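**Q** Starting from the known structure of chain A, fit chain B onto it as the hints suggest.
Residue numbers (my numbering), protein chains in the order written: chain A, 1 to 492; chain B, 1 to 291.
The set of hints was computed from the structure by calculation and includes no laboratory data.
There could be a bad hint or two in this list.
[Claimed, not checked] Which chain B residues face chain A? A few, computed with CB under 8 Å, are given here:
#1 Val135
#2 Asn141
#3 Ser143
#4 Thr239
#5 Ala242
#6 Trp286
#7 Val291
[As the list claims (entries may be wrong)] Derived DEER-like restraints, expressed as beta-carbon distance ranges:
#8 Asp123/B <-> Ser247/A: 37 to 47 Å
#9 Pro237/A <-> Asp265/B: 29 to 39 Å
#10 Gly91/A <-> Ala31/B: 52 to 62 Å
#11 Tyr69/B <-> Arg458/A: 42 to 52 Å
#12 Tyr69/B <-> Ala70/A: 57 to 67 Å
#13 Pro237/A <-> Asp6/B: 50 to 60 Å
#14 Arg26/B <-> Gly91/A: 52 to 62 Å
Model, not experiment: these values are computed from the prediction.
Built from N, CA and C at the ideal position, the CB exists for glycine as well.
Read off the chains here:
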Amino acid sequence: MAVTTQVPDLVTPTWDYAPAPEARTLATIEASYDLFIGGDFVAPIDGRRFTTVDPSTGEPLAEVAEAGAADVDKAVRAARRAFIRWSKLPGAERGKYLFRIARLLQERSRELAVLESIDNGKPIRETRDVDLPLVAAHFFHHAGWADKLAWAGYGPDPQPLGVAGQIIPWNFPLLMLAWKIAPALACGNTVVLKPAETTPLTALAFADICRQAELPAGVVNIVTGAGETGRALVEHPGVDKVAFTGSTEVGRSIQRALAGTGKRLTLELGGKAANVIFDDAPVDQAIEGIVNGIFFNQGHVCCAGSRLLVQESVHDAVVARLKRRLRTLRLGDPLDKNTDIGAINSAEQLDRITALVDAGQAEGAVMWQPECRLPERGWWHAPTVFTGVAQSHRIAREEIFGPVVSVLTFRTPSEAVAKANNTPYGLSAGVWTEKGSRILWMAQRLRAGVVWANTFNRFDPASPFGGYKESGFGREGGRHGLAAYLRTGADA
Amino acid sequence: MAGRLDVRKTYKLYIGGAFPRSESGRSYAVADSRGRFLANASHASRKDARDAVVAARKAFDGWSGATAYNRGQVLYRVAELMEGRRDQFVEEVLAAEGGGRAKATAAVDAAIDRWVWYAGWTDKVAQVAGSANPVAGPYFNFSTPEPTGVVAALAPQSSSLLGLVSVVAPIVCVGNTVVVVTSADRPLPAVTLSEVLATSDVPGGVVNVLTGHAAELGPWLADHLDVNAIDLTGAAGDTDLAVDLEVRAAENTKRVLRSPAAEPDWTATPDGPRRILAFCETKTVWHPMGV
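Chain A extracted, bound-state conformation:
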């Protein structure tokens, strides 16, 4: 009598991974956080607080102080006081503080990665492998600039501006903090930074790192709050320079508010990047690039490749392979090391994405999503592909800031350029082709501040980042980024 034995099928891939969660306990979250002003954590004057939540569950994480105008005033005064000595400190000494901070960030990177994933909802794989290494690298890079500013090409004796008011978004909380604070401090400015209201926790952890580094009190001040706090900071007469990363709408209002004040301004705003796939593109790399371009960080990336421009002859093949790849993406617990797509950062953002996705369908584009079970709690959006998109559709014109890609087609390189540039934005663009001369031809004509050729969404502290047109002005990173924090020549 034959006995049937159940032999496990080890050949067919099932993509079932065991859960591999990073330990939440690596990060300590206090019940309540104060403002970081003049080197101390201080309670907000009117005692107002708001709650920051875990977007993957909707559970509250902590109470955070909401800075009012009086608190902002206190922070700006602290920064002004600190500026007197900080700006006179030899560059080499300033640099050594930044090196200390960079080291502390590396030492605490696992803790910070977990904290960032919890507060933001982005996968631990991204915070651990992208955000935190770049944060530390940004401080290392700028630390070295502090005593070399005279050789940066801005004249022999460039001077700091004074107090910088800096406002950052929720998509890369700690990385955007690094992009703002590292160059400002290296150039001898002091700062008052406002993190986004939905992601304040890593900025407050950074305040603790400033204390561990024994950074002089008042050089870095962190005021948490929402739009009103930001407005108080922008409009404060003691602020010499405003640096803002966020939406074009808010950027415009800041530019208006600063008219006639003489305050310096840099803006890093929205985008609607074209990612152009030619018929000779290396397809496997291009598919990875498309996925990285739009589904990285849940598409919460101002330079996301949200418009996929595919040469007509390869459209069907590219879309088919893209769909196959998207079926393998894993959506879920941000702290799970196998997660590709985490949570949407807030209910408001999910509403915005949903409204635009609805508009895409209503306007006649064809929507596709992989089979994907969304967790019951928290805010989630499945990776979404729209085909049959016209340039007039809202999903081809407006920034969605979510995991949604709109596929359009072109026939000739000139048409690709015309369509890619047909947007008021100009932050980034991608080109995929094996032909070197075509890459350079395209790169020259794309009206965007960053062009990725056969790659996408790469960042580096030595690489200037920033937009053309309504994506804002000014650059962050490298020698070019220093200009935003220095007074030179006729300005001096």
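**A** Here is chain B on its own, set in the frame of chain A:
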């Protein structure tokens, strides 16, 4: 015997390489530095400003696509042609600004030399302001300055020729196209400069010259969504106008070169390439390295 009756010039606008009158049909009387009538100038309108922006946008691809070496030669040729009409410029600057022949001559000479100076910058600014960036990974990464696009410029009110050239030359040398509003009271040397530009190798539409009032034309240009940047130098001393234009410019996040408190001394050597870079974007390109 009666002397010969001279033939006087009609001073017109310069848009897209042509010399139209204002579509509004308006003109205004221009007086010399002592208040005597010199000529009527076209009084540019909103429509003229818009036409000029369209011409500037149309010229942008060709001009920004020209090689830097070519742009340098074209701008040098402007200096050559001005030199040939040096006496005419001296007479016009003297009439407009007064202050003596020596001063007018010095201003014209400096204006000619300024074209030469910026002609020399065309193929150097990318080396000075560009870079190969040492990123931490297998990528070739480089940054280059590129023209921002169409620039609206308010030329200085006092220095009718040297000031205007000092504002326009850095804008166009890097590949931008420009719509410039001349000094309101001293517009005539700028019109003569237009004639030089029209007969030089500067393509039509690269420089568009509007005679009229900054306070009237500035708002339309600052509002215009196809203008990428605005130079408020000519609003020096008019804080209300400068603030209003800055507010309007925010609608499409224009790059703004703010107005100085007072008109600068244009005879001074320019402060490096700062004015050029005020109208440049930095473009960074990444490419993987591998086999």
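**Q** Each hint needs a verdict: does it hold in this structure or not?
**A** Tested hints:
no.: 1; hint: Val135; result: 4 Å, holds
no.: 2; hint: Asn141; result: 5 Å, holds
no.: 3; hint: Ser143; result: 5 Å, holds
no.: 4; hint: Thr239; result: 7 Å, holds
no.: 5; hint: Ala242; result: 7 Å, holds
no.: 6; hint: Trp286; result: 5 Å, holds
no.: 7; hint: Val291; result: 13 Å, violated
no.: 8; hint: Asp123/B <-> Ser247/A: 37 to 47 Å; result: 39 Å, holds
no.: 9; hint: Pro237/A <-> Asp265/B: 29 to 39 Å; result: 30 Å, holds
no.: 10; hint: Gly91/A <-> Ala31/B: 52 to 62 Å; result: 55 Å, holds
no.: 11; hint: Tyr69/B <-> Arg458/A: 42 to 52 Å; result: 32 Å, violated
no.: 12; hint: Tyr69/B <-> Ala70/A: 57 to 67 Å; result: 59 Å, holds
no.: 13; hint: Pro237/A <-> Asp6/B: 50 to 60 Å; result: 58 Å, holds
no.: 14; hint: Arg26/B <-> Gly91/A: 52 to 62 Å; result: 57 Å, holds
Checked against the numbered hints given earlier, the structure breaks hints 7, 11 and satisfies all the rest.
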